[in-house]
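*Asks:* With chain A held as given, fit chain B onto it using these hints.
Take a look at the letters that make up each chain.
2 protein chains.
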Amino acid sequence: MKNPLPPVNGLPDNLPDLTEQHVETEAVVQGKFITLHTDRIRLPDGTFAHREYVRHPGAVVIAAFIDDDTLVFEHQYRYAMGRHFIELPAGKIDDGEAPLATAKRELQEETGYISDEWQFAVTLNPTIGYANEHIDLYIAKKVAFVGHRRDIGEFLEVFTLSMDDAVARIGRGEITDTKTAFSILWLDKFYRR
Amino acid sequence: MKNPLPPVNGLPDNLPDLTEQHVETEAVVQGKFITLHTDRIRLPDGTFAHREYVRHPGAVVIAAFIDDDTLVFEHQYRYAMGRHFIELPAGKIDDGEAPLATAKRELQEETGYISDEWQFAVTLNPTIGYANEHIDLYIAKKVAFVGHRRDIGEFLEVFTLSMDDAVARIGRGEITDTKTAFSILWLDKFYRR
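Sequence order for the protein chains is A and B.
Counted from 1, the first sequence has number 610 at position 61 by the numbering used here; the numbering is strictly sequential.
Counted from 1, the second sequence has number 586 at position 37 by the numbering used here; the numbering is strictly sequential.
For reference, chain A alone in the conformation it holds in the complex (with noise of 0.2 Å):
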């Protein structure tokens, strides 16, 4: 099967709909901490296959500004990854807990900084390939230092970099957490300090 001719030039008016339609639910996986759901789905001309995914609460990650050039940032071993990442401050939503509850909580308990100035900036959607999670950027102006609050068992550094510094990292491919260097160069680019 060849496409006869190239795609056209901007979103097309018309997209079809690519819809995968649930048939039934085969499997229900639990691991200690994330559960695997596979469904068998309907693909769009007709015939079956199999998603597998993990479901996620969704999360929030946040940009504290200090000042408005100096943010709040975290060095954090990462287990997974087998190493440390320089990220934002972020954390995953308790059941029930509105978004930005969720960022005033992870703030404080994490770098002991508050603000009474908060505003939503943008949703990432990080792996829509097997997961269905979505992390909310808020912005946190002019945050006050009142002392952290950390989990028993949660080891993290915390200090600050200005928004060139942080920036010039990620050019240079030392900021890889995409969560982080996404919402930076989305704060550099689009929030107006």
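Derived by calculation from the structure, the hints in this document are not laboratory data.
All values derive from a computational prediction rather than experimental measurement.
One or more of the hints may lead you astray.
Identical copies carry no separate label here, and so any pair may be met within one copy or between two of them.
[To be verified] Think about it this way: if two alpha-carbon atoms lie no more than 25 Å apart in a straight line, the pair counts; the simulated DMTMM-like pairs of lysine to aspartate or glutamate are:
no.: 1; residue 1: K691; residue 2: D644
no.: 2; residue 1: K581; residue 2: D594
no.: 3; residue 1: K581; residue 2: D665
no.: 4; residue 1: K653; residue 2: E703
*Replies:* Coordinates of chain B only, in the frame set by chain A:
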């Protein structure tokens, strides 16, 4: 436990070693396509905890330039998310495959474009909390259309957008697939065309 002082300004020279040591593999849970690994680990303070994660073979994402200003995109349904997404071409690295070979293969298979001018741009880590996935961004210049070779059951619509159009859609929250959104902003900031 309270942090006595606010964080230092700038990435500290002497960051603490927060490495989590593997103690034993406790469980390997096999889904249809995804495998969950649960390890017992030793935290930096000598106490123990569990980490569960997905091992991922790695992937590539491709910025395929038709001309200096126009990129090839895909419109695809993502079952885990329950909706369509605008994405750059991307795909998983096959066992033993070099990432650049994956990039060339996936670009032609999915979109029908080939190129003689390839370069590596940057690596992303989209899911450091629970998977070891890395995504290598490759740039393909002056791509030529020769016809796609999609897998059976692979449904997608190919189209093109100018860099400015894509960047504006990221600003408006219309492109939220993070590998795509990050790649576009990275190219907009750091890639001199």
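*Asks:* Classify it for me, K653 with E703: is the Cα-Cα distance of at most 25 Å met within a copy, between copies, both or neither?
*Replies:* within (18 Å within a copy, 41 Å between copies)
*Asks:* Since the copies are identical, ignore which copy is meant and state whether K581 and D594 lie within 25 Å (CA to CA) inside a copy, between copies, both or neither.
*Replies:* Intra 37 Å, inter 23 Å, cutoff 25 Å: inter-copy only.
*Asks:* How do K581 and D665 come out at 25 Å by Cα distance, when the copy is not named: within, between, both, or neither?
*Replies:* neither (37 Å within a copy, 47 Å between copies)
*Asks:* For K691 vs D644, is the C-alpha pair at or below 25 Å within one copy, between two copies, both, or neither?
*Replies:* neither (29 Å within a copy, 49 Å between copies)
Hint check: violations occur at hints 1 and 3; the rest are consistent with the structure.
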